[in-house]
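Asker: In case you want the letters, here they are:
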Amino acid sequence: MLRRLTTTARSMIGATITTVTALALASCTLATESGEDASGTPDRSAEPGSTVVLVTHESFKLPKKLIRRFERESGLELEVRPAGDAGSLTNRLVLTGEDPIGDVAFGVDNTFASRALEAGVFAEYDAPVPPGAEDLAVPEGEGRLAPVDQGSVCINVDTAWFERSDLEPPATLDDLTDPAYEDLLVVPGAPTSSPGMAFLLSTIAEYGEDWPGYWEDLMANGAKLTDGWSDAYFVDFTGGGGGGKRPIVVSYDSSPAFTVDERSGETTTAALLDTCFRQVEYAGVLANAENPAGAEEVVDFLLGEEVQAALPENMYVFPVDGETELPEDWARFAIQPDETYSVDPAEIAENRAEWLTEWTDVTTR
Amino acid sequence: MDRRHHPLSRLLTLAGLAAGPLLVVGVFFLLPVSGMVAQGFVVDGRFAPGEVLEVLARPRVRRVVWFTLWSAAAGTALTLLLGVPTAYALYRLRLPGRAVLRAALLVPFVLPTVVVGVAFRQLIGEAGPLGGLGLDGTPVAIIAALVFFNLAVVVRTVGSSWESLDPRPAEAAAALGAAPLRVFLTVTLPALRGAVVSAASVVFLFCATAFGVVLVLGGLRYATVETEIYLLTNNLLDLQAAAALSLLQLLVVTVLLVVAHRARSRRAAPIDRRTPAPARPGRGDLPALAATALALVLVALPLGTLLAGSLRVGEGWGLDNYRALGTTGSGRALVVPVTEALGNSLRTAVDATWMSLAMGLLVAVVVTRRSRSTVERRVRAGLDGLFMLPLGVSAVTLGFGFLITLDQPPVDLRDSPLLVPIAQALVALPLVVRTIVPVLAGIDDRQRQAAASLGASPLRILASIDLAALRQPLLAAGGFAFAVSLGEFGATSFLARAEHPTVPVVIFRLIGSPGLDNLGMALAASVVLAGATAVVMLLVERLRVPGLGGF
Amino acid sequence: MTETGLELDGVTVRFDGTPVVDRVGMRLPAGAVLAVLGPSGCGKSTLLRAVAGLEPLDDGVIRYAGRDLHGVPTHRRGFALMFQDGQLFAHRSVAENVGYPLRIRRRPRRESAGRVEELLSLVGLEGYGDRSPATLSGGERQRVALARALAVEPRLLLLDEPLSALDSSLRSRLAGDLRSILVAAGTTALLVTHDHDEAFAVADRIALMRSGRLVQQGTPGEVWRAPADAEAARFLGYASVLDGDPARRVLAAAGLPTGHQVALRRSALAVAEDGPLVGTVRSARATPEALRLVVDVAGVGEVEAVAHGSGVGPGERVRLAVDPGRLAEVPMD
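Chains as they are written, first to last, in the numbering used here: chain A, 16 to 380; chain B, 5 to 555; chain C, 3 to 335.
One chain only, chain A, in its complex shape (with noise of 0.2 Å):
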């Protein structure tokens, strides 16, 4: 049949395989431009325990320094490949199990853990948790899940405005249904952003079944909902320099030491500490890893001292290590609350989408 075509289409056919050709070609040449480990794909197989593929959320980061280090002192190459928020990177890890994407993985979080180890994308590794972490451990992770940083989402006040206004903060989340507050409230929502996943979670730890009703009133009060923390910190709430209108917002309790005003050398905005929901992160080697004991080390390195003093000014996040000493600010700013609201994890998993379906109605009823 080949042979019927029309010379026009035969000269044609020629120049689609050279395009396609130079376009392989020229993209061949991309891949080793773009840096040293740009080797195409990393043929791991070949030389067992060279490499090691760290997966994690887009926020993770570490000092170039601590991470060549590690390489040196371990003899393995450290790949970080970052997916998405923790959701995301929890779902890409439930969906590719059999066959994963990396060999450890860490920033799955205590909201999502126990969706993660229901579908079995862990291994089990007992690693050395530094003292005081214990706490944090998800029940039936132990053994597979080592936790490694924690933070709490805490209702923000802007306190200078408050003084300005000679208004006395809210202190509960009963505080923020009371007409006093109206129209004074920024939260990011539940379905798109941790932070606001985590408040809801705060209220249906202190609401129970209730918590509908308390949303609705929160509603009624003029609480405002916007996609992302961000938005919600920088556009809207009046500490966040953006320039907005409202004094009170859902952020984290190490939030007051980015607001240090440089002529007092006081923050402006403080964290009530009795609205707190506690996030835990944890590290775990996957399941099926081409470089299990590769992976293993890299756990124990994001348990190590030097890490664990470095998330606080990379990831913004608090040590599980007690004994961690905290930047200046994050010692004088970021107080952390004693006490947090919590839900279990296995509860979260499997309510998940109900609550957030409900939330959604009630919220934009």
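For the record, the hints were derived by calculation from the structure and aren't laboratory data. Treat the hints with care, as some may be off.
Sample of chain C residues at the chain B side, in silico, Cβ under 8 Å [as the list claims (entries may be wrong)]:
#  : residue
1  : Asp-18
2  : Leu-56
3  : Val-74
4  : Thr-76
5  : Phe-81
6  : Ala-82
7  : Phe-85
8  : Gln-89
9  : Tyr-102
10 : Pro-103
11 : Arg-107
12 : Pro-110
13 : Ser-114
14 : Arg-150
15 : Val-154
16 : Leu-160
Chain B is nowhere near these chain C residues, computed Cβ spacing over 12 Å in every case [as the list claims (entries may be wrong)]:
#  : residue
17 : His-93
18 : Ile-106
19 : Arg-181
None of the values given here were measured: they were computed from a predicted structure. Glycine included, each C-beta is placed from N, C-alpha and C at the ideal position.
Mind docking chains B and C on chain A? Use the hints.
Answerer: The following block gives chains B and C in isolation, referenced to the frame of chain A:
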């Protein structure tokens, strides 16, 4: 006597020409998407379509689909309403600084939605200068943002076609006593229909799959099919519901493409092309100029907010945010400085641009050649639609699809650095095709035949007839592809490697980090990205050589 | 013995299964000019395109100089194709258009420049080289297209209605020019047209085509003298075709044997004092050469006739003579 000609051979020829682009679309689009949809249909290793279909009966789904359709339709209509007169003013009238304006209109195209969302909200939010209008969290804000993003598509597609339109038929109609509006409706618009329909279908797809702006500006009150798929897949891993919506999305997009194809192919006669000198604006051009001014204001306001934000330092003004671009941000928020990310962005954009141009050219040639039989015509129309599909499918579906399908040799590509430019090229492909096709279709096929009979080989014909007519549209298409690649965030953030982030990825990271100076840096980086785009576009415009050209 | 030029055998082209060109066979000796004459939609353009290699054949053979052209792409056939509207390349100057085929063949620049000059003067457009096609009149564009087509001395020149886009006076003048240019260049040419004047003015041989099939071919004289059937006669420009009694009467009046249909030119019947036919004038219209009449002839019906000199008006009875040289006998269908 033997049968000398078999219709199948022509179809094979077609397949041969389309082989390259088909392979790319097959591996990087059809395979991942069908893999992801299949996940929804297979429950515990058993085919269960019933549950997927049940999803479609949910009242929420109906609401979401309805909002998607009407907001996209409204966005498209408004974009056309503003864009067509603007195209006229910027391509047919001798306006001062029109080259700069054309380039400026393309800027929104490259801005990451997160940044645009913040800019829009600073403008129309409670505390913003336009806060009094109460637009925050309303569909009006969403639609305004859709128009903001897509104006460039209409202006460039329609404008480049309008620029080379023979003015004489319109003059003849005017001489016959037709009023300007009538001339426009009866002579000019039919001649531009190919370009207008092309632009409209692309804009509709962009609007219907808009994601970031809906989330940011809709205040979670409004959900589209796209945002719904994102939440279902990314947060809930409800693959059945996601598969149902993905299928629905594919269906709607297919219907749209068929309708658009019908509308385009109604025009039969080739269009005589010549480039008349731009006219001095007259009083009759006032409505067009007014629409242009409105369009420019719509684009300028958010950009101005952005620029102001980037220059804001504490209580005063300054360039500190720009100086910081060479660093990794306050509290070292970044892995690499923004300057390095800009290098990555430009490199990737160059690759994505030529990839999409090469593929787009082949596709355009395939779909515009004359068909000899109904089957052939259908095959060509089908191919035409196929290459538009990537625009109409959720980036999340595609991204997750990559992970679960491209993991086996010979296509074990999920770690490949090539994925980023390829994915961007796929996103840009429909724009490239839609820019080139109207021009190619407007070439009288007998030009090619005359050249062939004079001894020109097919490649020579491609060079001396098609490419000669395509020089400017190709530049326009290249500019588009470049801009799309620079601004692409969805697929890129999913695929880019940590060590080689592009500017939008870096901006997203900066804006998500605490500290006001990080926000300032994000805005400054956006301004730099916008500036880089505008400069590239201006250079492309400069390359246009008026008058006789050719090889 | 003339050299073998173009040969067609059983050439068939189908669109969606329907034959558009149906088993066409013809011979065109080298150096000759053949016109394929037919109404629009008869398949003549498709036939031309098939010869050019632009339409694949469903059946049949096309040979040139004895060689089967199957599988030879358009650009390797050594032909040239000229369209109704010239299809000049708008983005090139006149000289660049004419020089295009020379450039493709990589002729030295100086040689091509000379050749372009020569061709432009052949078509009467000296000094037009730097003009843009957009500034030319229709006739000038066709001349440029012709020069471009002749540039590389094609083995066969294919002309698709080359003059029909022009106005009538220009057309007849250019038809004569075309003929002399083709003869001067010794070009073998295949012309398709729906205009019999154009065909007769340019061609050595005529082929009549209808519904995809050839109905008749021969020299202009042969075809003119003996149309294959009534429809062919009408298409060749005969004003009317008579059969039955009227035909018998007219043939008898011309002194010819009967038994056929007869095709009449407008001037076949002329007013003559001793004419054998009698009729009443229905209308009269003056033209520069003669008075054109419509006459109701007894036993024949209304036919066209001419009168020279004396004024004849409607209502008058006239006698008519038949000029046997201005009618053609047509075989019964």
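Asker: Run every hint past the structure and note whether it holds.
Answerer: Results of checking the hints against the structure:
1. Hint status for Asp-18(C) relative to chain B: holds, with the closest Cβ pair at about 5 Å, below 8 Å.
2. This hint holds: Leu-56(C) has a C-beta 5 Å from the nearest C-beta of chain B, less than the 8 Å allowed.
3. With 8 Å as the threshold, the beta carbon of Val-74(C) stays out of range of chain B, its nearest partner Cβ sitting at about 12 Å, so the hint is violated.
4. With its C-beta approaching chain B no nearer than about 4 Å, Thr-76(C) sits inside the 8 Å limit, and its interface hint holds.
5. Given hint, Phe-81(C) at the interface with chain B, holds; its Cβ is 6 Å from that chain's nearest Cβ, closer than 8 Å.
6. Residue-level restraint check for Ala-82(C) holds (minimum Cβ-Cβ distance to chain B is 5 Å; threshold 8 Å).
7. Contact between Phe-85(C) and chain B, as hinted, is supported at the beta carbon level, the nearest pair being about 5 Å apart and thus within 8 Å.
8. Evaluation of the Gln-89(C) hint against chain B yields a held restraint, the C-beta minimum of about 4 Å falling below 8 Å.
9. For Tyr-102(C), the suggested interface contact is upheld, since its CB lies about 6 Å from the closest CB of chain B, less than 8 Å.
10. Interface restraint check: Pro-103(C) against chain B, minimum CB-CB distance 4 Å, threshold 8 Å, status holds.
11. Checking Arg-107(C) against chain B by beta carbon gives a least distance of about 6 Å; that is within 8 Å, so the hint holds.
12. Because the closest C-beta pair between Pro-110(C) and chain B is about 17 Å apart, greater than 8 Å, the hint is violated.
13. Because the smallest distance between the Cβ of Ser-114(C) and any Cβ of chain B comes to about 13 Å, over 8 Å, the interface hint for this residue is violated.
14. Hint status for Arg-150(C) relative to chain B: holds, with the closest Cβ pair at about 7 Å, below 8 Å.
15. Restraint check, Val-154(C) versus chain B: the minimum CB separation of about 7 Å is within 8 Å; hint holds.
16. Interface hint at Leu-160(C): satisfied, since its Cβ lies 7 Å from the closest Cβ of chain B, which is below the 8 Å cut-off.
17. Look at His-93(C): its CB is around 5 Å from the nearest CB on chain B, not clear of 12 Å, so calling it non-interface is violated.
18. Its beta-carbon lying about 5 Å from the closest one in chain B, Ile-106(C) breaks the requirement of being farther than 12 Å from that chain.
19. Under the 12 Å C-beta cut-off, the non-interface status given to Arg-181(C) relative to chain B holds; the minimum distance is some 21 Å.
Checked against the numbered hints above, the structure breaks hints 3, 12, 13, 17, 18 and satisfies the rest.
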